[in-house]
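Use the sequences and the hints to build the structure in full.
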Amino acid sequence: MKNRLSLLAGPYVVWMALFVVAPIFLVVIYAFSSAGGGFTLDNFAKMSTYWVVFVRSFELALIATFICLLIGYPLAYIMAKEGPGFQRIAMVLIMLPMWMNFLLRTYAWMSILENTGLLNQFFQAVGIIDLGNLINGWLNNLCAGLNDLLGLSLNTARDTNMEYFKMINTSGAVVLGMVYNYLPFMVLPIYSVIMKLDHSLLEAARDLGASTGRVFRKVIFPLSLPGVLSGITMVFVPSVSTFAISRLLGGGNELLLGDLIERQFLGSAYNAQLGSAISLVMMLVVLICMYVMNRFGEGEEQAVML
Amino acid sequence: MKQRSSILDRLFMGLVFFFLYAPIFLLIIFSFNDSKSRTVWQGFTLDWYVELFQDSAIMSSIYTTLLVSVIATVVATVAGTFAAIGFYNMRRRWRNPLITINNIPMMSAEIVMGVSLCLFFVAAFGLFGTAAQWLNNTLGTNLPTRYYLGFPTLLIAHITFNTPYVVLAVMPKLQQMDKHLVEAAQDLGCTWRQAFWKVIIPEIKPGIVNGMLIAFTMSVDDFVISYFTAGSSTSTLAMTIYGMTKKRISPKINAVSTLLFVTVLILLVIVNVREAHQAKAKNAARS
Amino acid sequence: MKKKLALTLTLTVTTALLAGCSGGGNSADARVVNVCGWGENIEPELIDQFEEETGIKVNYQTAESNEAMYALIKNGGANYDVIVPSDYMISQMIEEDMLAELNFDNIPNFSLVDDRFKNLSYDPENKYTVPYTWGTLGIIYNSDVVKEDVTSWDIMFDPAYAGQTAMINNPRDALGIALMKLGYSINTTDENEIREAYQLIADAKNNGVYQGFFMDEIYDKMEGGETSVCTYYAGDYLVMYENNPSLRWAVPENGSNWFVDAMCVLKDAEHKEEAEAWINFITSTEASLANMDFIWYSTPNKEALEQYPAYYEEQNGEPLDPALYEVMAAPQEILDKCESYLGLPEETRTLYNDLWNELGI
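Residue numbers (UniProt numbering), protein chains in the order written: chain Z, 1 to 306; chain W, 1 to 287; chain C, 1 to 361.
A couple of the hints might just be wrong.
Heads up, simulated DSS-like pairs for lysine-lysine below, C-alpha to C-alpha not over 30 Å straight-line [unchecked claim]: (1) Lys280(W) x Lys196(Z); (2) Lys118(C) x Lys74(C); (3) Lys81(Z) x Lys196(Z); (4) Lys173(W) x Lys81(Z); (5) Lys337(C) x Lys181(C); (6) Lys205(C) x Lys46(Z); (7) Lys173(W) x Lys196(Z); (8) Lys81(Z) x Lys205(W); (9) Lys196(Z) x Lys179(W); (10) Lys147(C) x Lys166(Z); (11) Lys74(C) x Lys247(W); (12) Lys205(C) x Lys166(Z); (13) Lys198(W) x Lys196(Z); (14) Lys196(Z) x Lys205(W).
For the record, the hints were derived by calculation from the structure and aren't laboratory data.
Structure representation (C-alpha cells):
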C-alpha cells in the first residue's frame with residue numbers, strides 16, 4: 001500500500017532530475033572547461049584575482065544579516081506578544097512590501113539617497129548639513145589642537161563645505177538595500193517559531209521563580225534558535241548573491257559576486273565558463289557556512305515561512 | 001506570552017514599519033506627480049495612469065507575469081502536493097535525499113539557479129536542434145532546428161522554483177495527519193481513490209492553500225531567475241522594470257506599482273476580515 | 001491509472017513547451033521580423049508605419065550595450081534577425097562568422113547612403129552592413145558646475161570634480177577614453193599602453209573621482225543634476241539638452257572616437273527577407289528624416305542629412321540652431337581628428353575583458 005502512494009512523487013522526481021540536478025551538473029562541467037571545450041583548471045586559477053570580491057560580498061552580506069537579526073528578532077518578539085488582531089495586521093504589514101517589486105522599492109531608495117535626493121533636500125532645509133559642516137570644523141580644530149599639544153597626527157581635513165551627505169553609491173547604501181529587501185525573511189521564521197512555543201514551558205519557568213529576562217535567555221531564545229537560523233539563511237543567501245541592489249545603490253563601483261556572475265553571462269564580459277566557476281565556488285562557500293552554522297544550532301534544516 | 005508591550009516596544013515597531021513603508025509611499029505619491037522628476041513635486045496629475053494603459057510594453061509584460069505565475073502556481077501546486085504525498089509514503093532511505101534535492105532551488109542562490117537553467121536550456125536546444133536536423137535529413141520531416149529561450153523556458157523555470165515551496169508547505173500537514181485515518185477509511189469500505197480525495201486531501205488542504213499562496217507570491221516577485229531564462233523576446237514586469245531602471249524610470253511604473261499595491265492591499269484586507277469573522281464565529285460556537 | 005495520466009500529461013506538456021521554444025515552425029502564416037536596437041534609438045511611429053505598409057510584424061527589442069547584445073546572442077537567449085551593433089562589434093562578429101551577407105537587390109535604398117559611410121574598415125567590401133546612425137563620442141558637462149572651457153579628456157580624470165563625474169560602463173569606450181587622454185591610439189594592441197590606460201581609470205576610481213559607472217542611467221542623472229560630467233554619445237547629449245539646457249557638449253581637441261552603428265542580419269536569422277525589407281525601409285529618406293528628428297543621431301542618408309535643417313523648421317516652426325546641427329552631424333574637420341574603433345584581435349579582447357572585470361574589484 002505504502003509503495004503505491006509513493007509513486008505519486010514519480011513525475012516530480014523526473015522533473016527534479018531534469019531541471020534541478022542536470023543544470024547544476026552542467027554548471028560543474030562548464031566550470032572545468034575552457035572556451036574551446038577541453039578540460040581546464042584555468043577558471044579557478046583566475047579566481048584569485050576575484051578574491052577581493054568574495055571577501056567584500058561575504059562581508060556586506062554578513063553585516064546586512066546581522067542588522068536584520070538585530071531589528072528582526074525584537075520585532076518578531078514584540079509582535080508575538082501582541083493580541084491576535086494586532087498580530088494579524090502586523091503580519092499583513094510585513095508581507096505587503098514583498099508584493100511590490102523589489103527593484104522598484106530599491107529604486108525608490110535611489111531617489112531618497114541621491115546627492116540631490118529627498119533626504120539631502122530635507123537635511124538641507126532643516127540645517128543638518130550646516131550642522132555637519134560646523135561639527136567637522138570643530139573636530140578639525142580640536143584635532144589640530146590635540147596634534148599640536150600631544151604630537152598626534154589626527155585627521156584635520158574633514159570637509160567643512162559639504163553641500164550634501166554622500167549616501168548613494170556607497171557600500172552603506174548597498175547594505176541598506178539588502179536589509180530593506182530581506183528583513184521580512186528574517187522576521188517571518190522567527191515569529192512563527194516564537195508563536196509555536198509551548199506556553200506551559202514559559203509558565204513553568206515563571207512558576208519556578210525565573211525573572212522575565214531569565215525566561216527569555218534560558219527558555220525563549222534557545223527554543224527560537226531554529227527560526228533564527230533559517231532567518232539567517234534566508235537573508236544571507238540572497239544578500240551574498242544579489243546583483244540588482246548593488247547596481248542600483250552601489251553605482252557599479254564595487255562589484256559583488258552577483259554582478260560578477262551576471263557580467264559573465266549577460267553583461268559586458270561574456271565568459272560562461274568563468275561565470276560557472278565563480279558560481280560554483282560561491283555556492284560551495286555558502287554551503288559550508290550553512291553546514292557549520294546548522295551544526296552549531298543543531299537546528300532543523302527546513303526553512304520555516306509563513 | 002500575554003504580556004503587555006511597552007510604549008518603547010510600540011515605538012520600535014512603528015519605526016521599523018516606517019522604514020519599510022516610506023519608500024513605498026514615496027513611489028505612490030510620485031505616481032501623481034505632474035513631471036518626470038523623481039524628487040521634485042510639481043503638481044497633481046492622473047496622466048501617468050492614462051498613459052500606462054496605452055503602453056503596450058508594460059501591459060504585455062503584466063500579462064506575461066500573470067500568465068506565467070498562474071500556470072506555474074497551478075502546476076506547482078498539483079505536482080508539489082502529489083510529490084509531498086509520495087515522499088511521505090516513501091522509505092526514509094529514499095525520502096531524505098529526495099527532500100534534500102527538493103530543497104536545492106530554495107536554498108541555493110537565485111542567480112545560480114538562473115544561470116544553471118540558462119546553461120541547461122541552451123545545451124538542450126543544441127541537442128534538439130541536432131536531432132531535428134537529423135530527422136529532417138533522414139525522414140524528410142520539417143522540424144524546426146533552432147530553439148530560443150522564451151515563454152516556455154520561463155514557465156519551466158518558474159515551476160521548478162515554485163514546487164519546492166508547495167512540497168514544504170504540505171509535508172508538515174501530512175506529518176500531523178493521523179496515520180490510521182486512511183486505514184480506518186479503507187476498513188470502512190473506501191476505495192483508494194475515495195481515501196485519497198475524501199480523507200487525505202481535506203486533511204492537508206490548509207497546507208496546499210498555503211503552498212499555493214507562497215508559490216504565487218514567489219512567481220510574481222521573481223526577477224533574477226526570469227532574467228536568465230526568459231530570453232530577449234519575453235519580458236515579465238520585473239524585467240521591464242529592470243530595463244527601465246537602466247534608463248530612466250517613467251512614473252508610469254510608479255502607477256503600475258500603486259495599482260498592484262492597492263489591489264493586493266484590498267485582497268489581503270478581505271481575506272483577513274473574513275478569517276477574523278470565521279475565527280470569531282468559531283469561538284462563539286465553542287463557548 | 002492516475003499515474004499514467006500524470007505521466008502522459010507531463011510528457012504532453014513538455015513536448016508542447018518544446019514546440020513553443022522554436023521560433024521557426026509557423027513563420028509561413030505570419031511575417032515577422034525581430035529587431036534589436038538600443039534604448040530610445042528609433043522613432044516608434046516608424047514601426048507602425050512599416051507594419052502597415054508591409055504587413056510584417058516588428059518585434060522591437062532593446063539591448064543595453066554591444067557586449068550585452070553579443071552575450072545574449074552567444075548564449076542562445078535571443079532570436080534576433082536584425083541587429084544594430086557598432087563598428088568594432090561588427091568586425092568581431094564578421095570574424096566569428098555570425099553575420100549573413102545581405103542581398104542588396106532587396107535594399108535599393110542603399111544607394112542613398114553617403115559614400116563616406118560605405119566600405120568602412122569594419123566591412124571593407126560592404127557585404128554585411130547598412131549604416132544606421134553615426135556620431136561622435138564626447139564630454140557632456142553641466143555648465144552650472146563646470147565653469148572652465150572643456151577641451152580635453154583630462155576632465156574625466158580630474159579630482160576637482162570628484163564625486164560629480166560618471167564613467168561610461170562599457171570596456172571599449174572607457175578604456176578608449178583613457179587611451180585618448182594618454183595620446184595613444186584607441187585601436188592599440190600594445191599591452192603596456194592598454195594597461196597604462198586601465199591604471200589611469202583605476203587610480204581615478206580609487207581616488208573617488210567617479211560616482212559610478214553608468215550607461216543609459218546617465219540620462220536621468222545628467223538631466224536631474226545628479227551628475228555633472230560624463231562621456232556619452234552626441235545624439236544622447238541632444239536629448240539630455242532638451243531636458244536640461246545647462247548641459248554642454250565638447251569634443252576634445254586632440255580627437256575622439258567617431259562611431260557608426262550599422263544594421264546587420266544574423267547568419268541564422270529566420271526572417272532574412274523581412275529583415276532586408278526593414279533595412280530598406282529604415283534607410284529611405286523619409287524614414288531617416290523622421291528618425292533623425294526623434295533620436296537626434298545623424299543619419300548616413302545623404303539627402304536626409306542635407307534636408308534635415310529644413311525638415312526641422314517645418315516640423316517645429318523654428319529654425320534649427322546651427323550649433324546643435326553641428327553636434328549632431330559633426331563637420332568633416334572634426335571627424336578628421338577622430339578615429340573609429342577597429343576590431344581587435346582575440347588576445348586584446350581577452351585583455352580588455354579581464355581588465356574590465358578587475359576594474360570592478
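Hint check:
1. Lys280(W) x Lys196(Z): Holds, because 21 Å separates the two Cα atoms, which is no more than 30 Å.
2. Lys118(C) x Lys74(C): Distance of about 27 Å is within 30 Å: holds.
3. Lys81(Z) x Lys196(Z): Holds - the C-alpha atoms of Lys196(Z) and Lys81(Z) are around 12 Å apart, at most 30 Å.
4. Lys173(W) x Lys81(Z): holds (26 Å)
5. Lys337(C) x Lys181(C): holds (14 Å)
6. Lys205(C) x Lys46(Z): holds (23 Å)
7. Lys173(W) x Lys196(Z): holds (15 Å)
8. Lys81(Z) x Lys205(W): holds (29 Å)
9. Lys196(Z) x Lys179(W): holds (23 Å)
10. Lys147(C) x Lys166(Z): Roughly 23 Å between the alpha carbons, so the hint for Lys147(C) and Lys166(Z) holds.
11. Lys74(C) x Lys247(W): This hinted pair holds, its Cα atoms lying about 24 Å apart.
12. Lys205(C) x Lys166(Z): Holds, because 16 Å separates the two Cα atoms, which is no more than 30 Å.
13. Lys198(W) x Lys196(Z): This hinted pair holds, its Cα atoms lying about 29 Å apart.
14. Lys196(Z) x Lys205(W): Roughly 20 Å between the alpha carbons, so the hint for Lys196(Z) and Lys205(W) holds.
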